[in-house]
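897 is the number that the numbering used here gives to position 897 of the sequence shown; each next residue is one higher, with no gaps.
No wet-lab data here; the hints were simulated from the structure.
Do not take every clue at face value.
Okay, derived cross-link-like pairs now, BS3-like style, lysine-lysine, Cα gap no bigger than 25 Å in a straight line [said to hold, decoys possible]:
(1) 636 with 767
(2) 394 with 767
(3) 193 with 167
(4) 594 with 621
(5) 626 with 671
(6) 594 with 625
(7) 782 with 394
(8) 852 with 574
(9) 671 with 617
(10) 594 with 617
(11) 516 with 473
(12) 235 with 254
(13) 386 with 414
(14) 767 with 845
(15) 852 with 473
(16) 516 with 782
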Amino acid sequence: MCTCPFPAALPLFTFLPVCLSLCLTETVMDTRTATAELGWISFPANGWEEVSGYDENLNTIRTYQVCNVFEPSQNNWLLTTYIDRRAAQRIYVEIRFTVRDCASIPSVLGSCKETFNLYYLETDRTMSEGIKGVDTIAADESFSQVDFGGRLMKVNTEIRSFGPLSKGRGFHLAFQDLGACMSLLAVRVFYKKCPSVVRNFAFFPETLTGAESTSLVIARGSCIPNAEEVDVPIKLYCNGDGEWMVPIGSCSCKAGYEPDNGNVCRACPQGTFKSSQGAGLCQQCPLYSLSTIEAATLCGCRNGYYRGDMDRPEDMCTSVPSAPRNVVSVVNQTSVLLEWHPPRETGHRDDLSYNVLCRRCHSSERRACQPCDDSVVFVPGKRALKDTSVEISKLRAHTSYTFEIQAVNGVTNKSPYPAQQLSINITTNQAAPSVVPIMHQVSSTSRSFSLSWPPPEQPNGIILDYEMRYYDKMSWGSNLIQSETPNVVLEGLRPGTGYVVQVRARTVAGYGAYSKEMLFHTLTDDEYKSELGQQLSLIAGSLVGGVCIVSLVAIAIILTFPTLSEGHSSPGVKIYIDPFTYEDPNEAVREFAKEIDPSCVKIEEVIGSGEFGEVYKGRLKPVGKKEIPVAIKTLKVGYSERQRRDFLSEASIMGQFDQPNIIRLEGVVTKSRPTMIITEFMENGALDSFLRQNDGQFPVIQLVGMLRGIASGMRYLAEMSYVHRDLAARNILVNSNLVCKVSDFGLSRYLEEDTSDPTYTSSLGGKIPVRWTAPEAIAYRKFTSASDVWSYGIVTWEVMSYGERPYWDMSNQDVINAIEQDFRLPAPMDCPVVLHQLMLDCWQKDRNARPKFPDIVSMLDKMIRNPASLKAGTNNLPPHHPLLDRGAPDLSRVSSVEDWLAALKMTQYRDSFLGSGFTSLPLVTQITAEDLQRIGVSLAGHQKKILTSVQSMRHQADDQSPTESV
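Construct the entire structure; sequences and hints are all you get.
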C-alpha cells in the first residue's frame, strides 16, 4: 500500500514533514505548511485549542490540543475549513498525534480516554450531506509525562481513507474528543493517482484511483511518436494503491523507426532501412541500393538495378540479363528447331527465361515483316521458356522468317530499355499441304453421294489434285479416286450402306496427310423411292395442262438419269458444321437459327450479364402456339460487326443440336434492335451455384442421374464431331425437374484472345479454363472429345463436392505443375469409390486411355440399376498427400469460432454458436450432431461439413504437444 508516514518520534507539538513514499499522491490540505492560524471551528469554546509550536528547523507550526480530563462528559468537536477534493473519489487522511496515558494523570476522572473519532461531511459549499463516520482512532503509544528538556515524545501516525465521494465538490473533516488528553500535531489530506507512464511504446496519462481500494480504473493509451498500434485496445489498469497493472494491447515502432531504450522510436539513419512495423532494428541497405534520408522504409536501387514484383525489401537489387548467345537453327520442311546458349550476364537472378518472337518476311527488308499467324505452333511454348531450345512448326513453305530470342528475368519489365535479344533469319523448304479440315455431303442417292470440302488451311504451294480413299465400313478393302477440284461424286455404291471417307491434297512436294475419317450413307431403296415421289409431286403441282405427259416424261428422265436427283439432302450421319467455314457467317445463322418476330418476345427481368450484353428472363409467344418462358441474350449497343458475328455464331452452333441434354435454341432476332439469342429457360440456373445453395440435400443416386444427363449430352456432341472445350459445372444449366443441359458453346471462338478472367488465363497465352482442361490441350492446344472427357471428370468432382472449386485456392500454374507430377483430385466427402474411379479414368494422361462418352453413359446406367454399388468410400491418394490440405481450413491461422466458421464459409451460424455457449475452439471440438440440430443447423450437408472439420481439429489437437493444442 502507498503510504507517506511521519517519523515515529517528535518533540511535543512538533513534527517532521518527511515523506518516503514511492507512489504518486496529490495533497489537498497539509497543516505543516500553514504559517498563520488554521481557523478551524471548535465546539464548545473550551474544548479544542489552537496553539503554536516549532518543528526541528525552528519553523512555526500550528497544532490543536485538548485535555479536559478533569471534567466529566466531554464531547469536543473540531471542524476543518472546506477542502476541495479535485475530482478524487477516495480521500486519504494522515494524522500525527500524541496522547497522554490516562494512568499517568493523577486524580483523573474515570471518563478519561486515549482515543478520538474521525468524521467527514460532503458539501458543495451550498448544501451539505449528513456527517459520516470514518473510524475511531487509538494511539499505539502514549506518554506519561512532559519533558521540557527536549526529549522526543511518543508520536503516533495513522492513515485512514473514505469514499466514494460524489455528492459535492469538497468536504470538511471533523474530529471528536470524548475525554482524551491529546494533541493533533499535523493533518495531511491527499488522494492517490497512477503516474503518467510509457509502456509497450504507448503513453498513459496520470489517472486517479477508483472509489474503492479494490477498484481498477481503465486508462486508454496512445502510441508514442513514430509508433503504431499492434494490438487494440491499448489500456492499463490503475489499482487503488496508485500502481499500474494488467497491460493490454501494445504499439511498436513503425516502418523506418527502431526501438531505442525500450520506449523511444528512433529514425533509421542514412544508409539503413526498416521495411515493416515491429520490434526489428534498422538494417544496412542491400547490395546495389542506398538510402539518402532518415527513416527510410526501403533502399532505392542504384541506376541500372531494379527489384522484381515478388522481391522483398531486404533482397539485393538486380539487373536485366544480357542477350542469348550462339543460336543454331535446323530447318525441316516447314518446321525449325532453334537452340542457343544462355546469356553471359544473368543480372544476379535465378529466374531467367526466354521469349521467342516470330515474324514472317516478304523481302529482305525488316519493315516488310509481319507477326506470324496464330496457327504457328511453338513447343514447349513461345513465352517463359526455361530450356534453351524450341521447336516451331506449321510454318509456310518457301517463306522467310525472322526469330528473335529474348532473355528476360524478374526485372526486365522494370527497365526502360527493351529486353536484349538475339535474331536469326531462316527460310523454310517445300512441304506437303496440311490436312483438309472437313468434308460436307452435298447430296445422296441409293447408289451414290456427292461430297465437297474446303482447301487445306496451309496449301504450301499450288494444289495439283486431291486423292480420296473410301471403303464400306463392313469390309476391309478400300478404293482410291483422284479429283482436280475440291468435290467428287462417288458412284457404284450399295444402297443403305455407310462408307468411311478420307481425302488428302497434293502439291509438287507430295501428298499431305489424310483427313480424319468421316462416315456418309447412301439411301435405302425405300428412301430413294420416297425421294422420287417427292420429286414427282413437286413437278406435277407446278405444271398447268399436260400434267400426265410431263409427269411421265419426268419419271422416265429420273429413272434413266438417277444422278439428277442428287441436289436433295440425305439424312445420313449429321456432322457439326463450323459456322466460320462459311464465307458469309450470316448465311450460317440463316441456315441453322430460326428468325423470330420481336413482337412475340416479352422481356421481364435481368438475370445476369454475358460476354456481349445483358441476359434476361422473358416470355416467347409464337403465333398459334403456347407461351413459354425463355432466356434472352442481348447484344449491347455500340457493337462492331465482328462482335455481332461472334455473338450470333453461338446461335449457329446451338441451332445444329437437338437433344434433351443440350440447351435448346428457340431462335434469334437479327432484323431489329437489340439483336437477341433466345433459348429455353432453365429455372435453377448454373449447376455449380445450384449445388452450393443445396449443399448435401440430394441422395447420391440423384447426383448420378444428373451426371448421366450431362454425359448423354456430351455423347451426342461427340457423335456430331463437336468439341466443347469449356465443359464445367458453371456451363451446365438445371431446370425445375433437375434435368441438366450442356450450354455455352462460345469458347472455341476466343481461344487466342486475351482476357482478364482468371478462370480462362494460362501462362502459355490464350484463353483456357486451366482447372478443367486436359494437359495436352493446355500444352499443345490439342482439343478433342478426349479432352472433353477430362473436363467431364472435373465436372463429376464438382457435382460430388456440391460445387467446390477444383484444386481449391491453388494458382493456375500450381495446378499445371501438380497435374504434370501426376497429382489428381481426391474423392469428395462421401463419394462412392466407383465414381471416383470414373474420375481417375477420365484423368488418364494418355488421352487414348480415357473412356469415350458412350462408355461413360453405359457405366452410369449400370450404377443407377445397381444402387448398392454407390456406397461411400475414400480417395485413392495417400492420406497425408500435401495437396489434400488445400481444401480444409488452415487451423494454424484459425484463432476463434468466427474465423473457423468463415473458413468453412458458414458465417451465417455465428450468432447461433456464440449464443449457445460455443464461444471457443476447445468447446467447438466437443460439439455433436444433436448440438447442431439444437442450435439451428438443420441442413444435412452443413452438419456433415461442420462435424468433419471438428473431427479434423480433434486429430490435429491430438497430434500436437500440450502447448500447441487448439
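Tested hints:
no.: 1; hint: 636 with 767; verdict: holds, 22 Å
no.: 2; hint: 394 with 767; verdict: holds, 21 Å
no.: 3; hint: 193 with 167; verdict: holds, 21 Å
no.: 4; hint: 594 with 621; verdict: holds, 14 Å
no.: 5; hint: 626 with 671; verdict: holds, 24 Å
no.: 6; hint: 594 with 625; verdict: holds, 15 Å
no.: 7; hint: 782 with 394; verdict: holds, 14 Å
no.: 8; hint: 852 with 574; verdict: holds, 19 Å
no.: 9; hint: 671 with 617; verdict: holds, 21 Å
no.: 10; hint: 594 with 617; verdict: holds, 19 Å
no.: 11; hint: 516 with 473; verdict: holds, 15 Å
no.: 12; hint: 235 with 254; verdict: holds, 19 Å
no.: 13; hint: 386 with 414; verdict: holds, 20 Å
no.: 14; hint: 767 with 845; verdict: holds, 22 Å
no.: 15; hint: 852 with 473; verdict: holds, 20 Å
no.: 16; hint: 516 with 782; verdict: holds, 15 Å
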